[in-house]
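Undergrad: Below, each chain spelled out in residue letters.
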Amino acid sequence: MRRVWRRGVLRDRRTESPTARTLVIAVDEWPGHLAGQHLDLRLTAEDGYQAARSYSLAAPADGDHVEVTVQRTAGGEISPFLTDDLAVGDAFEVRGPLGGWFVWRPQDAGPVLLVAGGSGVVPLMAMIRARAGVSRAPFRLVYSVRTPDDRLYPAELRRRVAEDGGLDVAWIHTRTAPEGDPRAPGRLRSADLIAHGWPPDFEPTCYVCGPTGFVEAAAALLVALGHHPSRIRTERFGASP
Amino acid sequence: MDASSRPGALDGNALAGPLSEVFVAEVTTAVARCRGCGRATVVAELVVFGPDPGLVARCPGCSDVLLRVVRTPERMWLDLGGMASLEVAMS
Amino acid sequence: MNIITRGFRGRGRDRDGRLPPGQYLTHDFPVLSAGPTPRIPLDSWSFTVRTEAGQSSRWTWAELMALPAESVRTDIHCVTRWSKLDTEWRGVSLDTLLEDVETAADYALVHSYGGYTTNLPLQDLLDGQAWVAFEYAGDELAPEHGGPARLLVPHLYFWKSAKWVSGLDLRLQDQPGFWEQLGYHEYGDPWREQRYQGD
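Chains as they are written, first to last, in our numbering: chain F, 27 to 267; chain B, -10 to 80; chain P, 279 to 477.
Please keep in mind that the hints were generated in silico from the structure rather than gathered at the bench. Quantities reported herein were computed from a predicted structural model and do not represent experimental measurements. Note that the Cβ used here is the ideal one computed from N, Cα and C, for glycine as well. Certain hints may be false.
Simulated coverage check for chain B against chain P, where a stretch passes if three residues somewhere in it have a Cβ under 8 Å from a Cβ of chain P [what the hints assert, rightly or not]:
(1) -7 to 7
(2) 33 to 46
(3) 50 to 57
(4) 60 to 71
Throw the hints in and build the complete structure from the sequences for me.
TA: Printed below as a string of structure tokens:
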């Protein structure tokens, strides 16, 4: 869909984890967006050099304010600049919203299974936030992270489980589990999806997002459990950092 | 295409931004039919390599190239030659 | 009209005499792919040179290994702006492979397993400028870097150094390859920053 580059200005930056920051961006004439969509962010240097990256929108738009959560990649060209150097008030360019397949609409009433690997939780968080107060669709999030420190939005997710109704969240730790977690650290397994997902006969729409290897593995587990491939939507971020 | 042979691959969602420069309609929800094997796939579910030096979208069935996009400073280069058709919803 | 972002420099303007314009130095070895990584068993691998007259010369893996190999230490430059210095390769010179090939061609179209192609003038493959490389940094060339064998033409941007190389078509007329059809420069000299057509 035809999109133009618009002026974006950093309005606020929040710390989400030791390596992740949420950027609150005011975008000129932002047309609104659906949960699951992304934007492209472009930086231009004084000599004209340009670099652009895609980021999932993390929350519903608040007027012309949008949010993305950026994971800092060591040695990266863009993400360390965005998480550390860009100052409130600095301007850049934004194009979006982008994508129309990996989206959830509040009028979709059926059950939803969200499966996140690492920062793949960002567009799924947008769905959870878009649901609050406007939809009773039953949601479950199975969220795989390396260590407890890597969890994004932990306090908000706990609060929403208590307050939103019809939302459950399970954290899967692959390297280090928090004290008292009965599950031994390890990659996402079939048993995790059986325990914390929806059974296939509920016919949930499954949204799987994360690094490519994670998405391939999780989608294969869902299909093996009996979820129909046509109800599994995927978004891959590429090789895991 | 064996998943282990493409650990860094993206998917067709990554085409949304670049293709937004030239298409009025949303292309990632369109259905691409592979000229090679005949399989129909939603563009968002194509296997995509890139973004540099260019985006290369392949059929998840036979891995033939369906679409390529290169953005140079002043031009966009687009190859849709691997598709028998592209079916776009018009609203 | 672009909006300049205060403080953003980006990579790619390292001032080092060994780096071509617009390149930055990297110490890792980035992997760029236009498709899935092919796995080619050595007993079915071959390298074929076809001339404009339709003559073919073909080498199996064992035949390639029987040819004299050279060690090459060279800098490499990717059009996506990374450069890597003093990389160490081992391979068979194209001078050796083309020694007995009769041709009047001016151009070569390089073919790879997986369907990739790239074109360049034949003279850029000769006189100690190009190899079929099968070792990198003392080890066999890994599949993600083009193993079992890739072309190595380090004086041109690295997309010309086709991974998983399977052969050459020698041609009287130039024919653009995979990226050259889509806006990339037909020659690709990093020192003249020939990234895109018209550069």
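Undergrad: None of the hints should be skipped; say for each whether it holds.
TA: Against the structure, the hints:
1. -7 to 7: holds (count 4)
2. 33 to 46: holds (count 7)
3. 50 to 57: It holds, with 3 qualifying residues against the three required.
4. 60 to 71: holds (count 5)
Checked against the numbered hints above, the structure breaks none of them.
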